[in-house]
Amino acid sequence: MTPIGALSPALPPGFASPATAAKPASAEAFRSFLMGSIQEVNGMQQDAEKAMNTLMTGGDVLPAEVLTSVQKADLSLKLLMQVRNKLVAAYQELKDVRI
Amino acid sequence: MHTALDISASALVAQRARLDAIAGNIANMSSLKDETGKVKPYEARYVVFQTDEGIATRDGAVGVKVSAVKQETVPPLYKYQPQHPLADENGYVAYPNIDLNSEFVDALEATRAYEANIGVIEISKNMAAQTLRIAG
Chain A
1 MTPIGALSPA LPPGFASPAT AAKPASAEAF RSFLMGSIQE VNGMQQDAEK AMNTLMTGGD
61 VLPAEVLTSV QKADLSLKLL MQVRNKLVAA YQELKDVRI
Chain B
100 MHTALDISAS ALVAQRARLD AIAGNIANMS SLKDETGKVK PYEARYVVFQ TDEGIATRDG
160 AVGVKVSAVK QETVPPLYKY QPQHPLADEN GYVAYPNIDL NSEFVDALEA TRAYEANIGV
220 IEISKNMAAQ TLRIAG
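Top line first, the protein sequences correspond to chains A and B.
When the letters of the first sequence are read in order and numbered with my numbering, they come out as residues 1 to 99.
When the letters of the second sequence are read in order and numbered with my numbering, they come out as residues 100 to 235.
Accuracy of the hints is not assured; some may be wrong.
[Claimed, not checked] Below, a list of computed lysine to aspartate or glutamate pairs in the EDC-like style, where the Cα atoms sit at most 20 Å apart:
id, chain 1, residue 1, chain 2, residue 2
1, B, Lys224, A, Asp47
2, A, Lys78, B, Asp133
3, B, Lys224, B, Asp105
4, B, Lys224, A, Glu40
5, B, Lys224, A, Glu65
6, A, Lys50, B, Asp105
7, A, Lys78, B, Asp105
8, B, Lys169, B, Asp133
9, B, Lys164, B, Asp105
10, B, Lys164, A, Asp96
11, A, Lys78, A, Asp60
12, B, Lys224, A, Asp74
13, B, Lys164, A, Asp74
14, B, Lys169, B, Asp198
[Stated by the list, open to error] Here are the computed distance ranges between Cβ atoms for each label pair:
id, chain 1, residue 1, chain 2, residue 2, range
15, A, Asn42, B, Leu231, 42 to 50 Å
16, B, Thr102, A, Val83, 57 to 65 Å
17, A, Glu93, B, Val161, 14 to 22 Å
18, A, Lys50, B, Glu171, 23 to 31 Å
19, A, Asn85, B, Asp198, 57 to 65 Å
20, A, Ala90, B, Val147, 48 to 56 Å
21, B, Thr172, A, Asn42, 50 to 58 Å
22, A, Phe33, B, Asn200, 56 to 64 Å
23, B, Leu185, A, Gly58, 34 to 42 Å
24, B, Ser166, A, Asn85, 42 to 50 Å
25, A, Val83, B, Asp119, 39 to 47 Å
26, A, Val97, B, Gln149, 55 to 63 Å
27, B, Arg157, A, Ala90, 27 to 35 Å
Simulated from the structure, these hints should not be mistaken for lab results.
Glycine included, C-beta positions come from ideal geometry on N, C-alpha and C.
Bound conformation, chain B alone:
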């Protein structure tokens, strides 16, 4: 009876994770080192979704879950800053190659998807309330 709600909730969680990844990408757009402190410009991370058989109706409708968080592999942006402590022998500093435009479009898409799932929850809720009217 509540599987539709569960499926929509799983989508909310997934879209939230996607937005978290985007937030991380934008937050780290100037990070020159990785988690271990090694000099390595940040690479954009994206979450990959997959269907979740754990939340399924008997008709085969399934929920969604985060399958993995993948790192992008693009060449970094080189800026000529010979005075920079992290500059290489040619005087270039490697900066993360984050495309703000596509990140924002992604964020907008995640937000809209979140909204859409809220809408579906609303519809499921109304349907359940209408069903109760049969007995009332």
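One chain only, chain A, in its complex shape:
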């Protein structure tokens, strides 16, 4: 049997493999990554809200653009929630370890 490590990753060249991309240099790096993601999601939500306001107040913006930005904000929020759920689950798992 081929050991897992010897298998070539099924990722296209130029695409950082998860092992190298997600390797945290320190806790600080992960923290800044997390905060960055949260800020990005927040920014998208704000963009969506601004676009919605412009549309509703009769601004010159196409509904298609507004709905797309709302959809983008929704998707990134869902992704963030998945990451958060995963983190909480990992914490719960560790909390129940008996010493």
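Here the structure of chain A is known, so what remains is to put chain B in place on it, guided by the hints.
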């Protein structure tokens, strides 16, 4: 991650602009003067699209944007109306040469293209939702 959505949205905007131009062409099919009030029959306007490097993935997929709105140059339709205030010395009035049939076919095409891009958005959305199932 959302570039596919952005690309599709840019196409929606572009097709919308195309439909706007068609609406303008049909609305002005009897306009005998131009914006400045000069006697000049309306000439059909068409939007020209170009690729938009501003919305691009690292693999080279690009969005679309309106490059320009071009005016058609075709001879006007002359109608013999000697009593008309805008008739020339021979009694002819120059009317815009708008081909309603091709305008409607164009409008239909723009609508279908719009629909197609909505379909792509739907697919991208579903793909993203499916991806989230990995973590769930």
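Results of checking the hints against the structure:
no. : hint                              : verdict
1   : B:Lys224 with A:Asp47             : holds (19 Å)
2   : A:Lys78 with B:Asp133             : violated (52 Å)
3   : B:Lys224 with B:Asp105            : holds (12 Å)
4   : B:Lys224 with A:Glu40             : holds (19 Å)
5   : B:Lys224 with A:Glu65             : holds (15 Å)
6   : A:Lys50 with B:Asp105             : holds (17 Å)
7   : A:Lys78 with B:Asp105             : holds (18 Å)
8   : B:Lys169 with B:Asp133            : holds (15 Å)
9   : B:Lys164 with B:Asp105            : holds (12 Å)
10  : B:Lys164 with A:Asp96             : violated (55 Å)
11  : A:Lys78 with A:Asp60              : violated (29 Å)
12  : B:Lys224 with A:Asp74             : holds (10 Å)
13  : B:Lys164 with A:Asp74             : violated (25 Å)
14  : B:Lys169 with B:Asp198            : holds (16 Å)
15  : A:Asn42 with B:Leu231: 42 to 50 Å : violated (19 Å)
16  : B:Thr102 with A:Val83: 57 to 65 Å : violated (20 Å)
17  : A:Glu93 with B:Val161: 14 to 22 Å : violated (44 Å)
18  : A:Lys50 with B:Glu171: 23 to 31 Å : violated (38 Å)
19  : A:Asn85 with B:Asp198: 57 to 65 Å : holds (59 Å)
20  : A:Ala90 with B:Val147: 48 to 56 Å : holds (54 Å)
21  : B:Thr172 with A:Asn42: 50 to 58 Å : holds (51 Å)
22  : A:Phe33 with B:Asn200: 56 to 64 Å : holds (58 Å)
23  : B:Leu185 with A:Gly58: 34 to 42 Å : holds (37 Å)
24  : B:Ser166 with A:Asn85: 42 to 50 Å : holds (45 Å)
25  : A:Val83 with B:Asp119: 39 to 47 Å : holds (41 Å)
26  : A:Val97 with B:Gln149: 55 to 63 Å : holds (59 Å)
27  : B:Arg157 with A:Ala90: 27 to 35 Å : holds (31 Å)
Hint compliance for this structure: hints 2, 10, 11, 13, 15, 16, 17, 18 are broken, all remaining hints hold.
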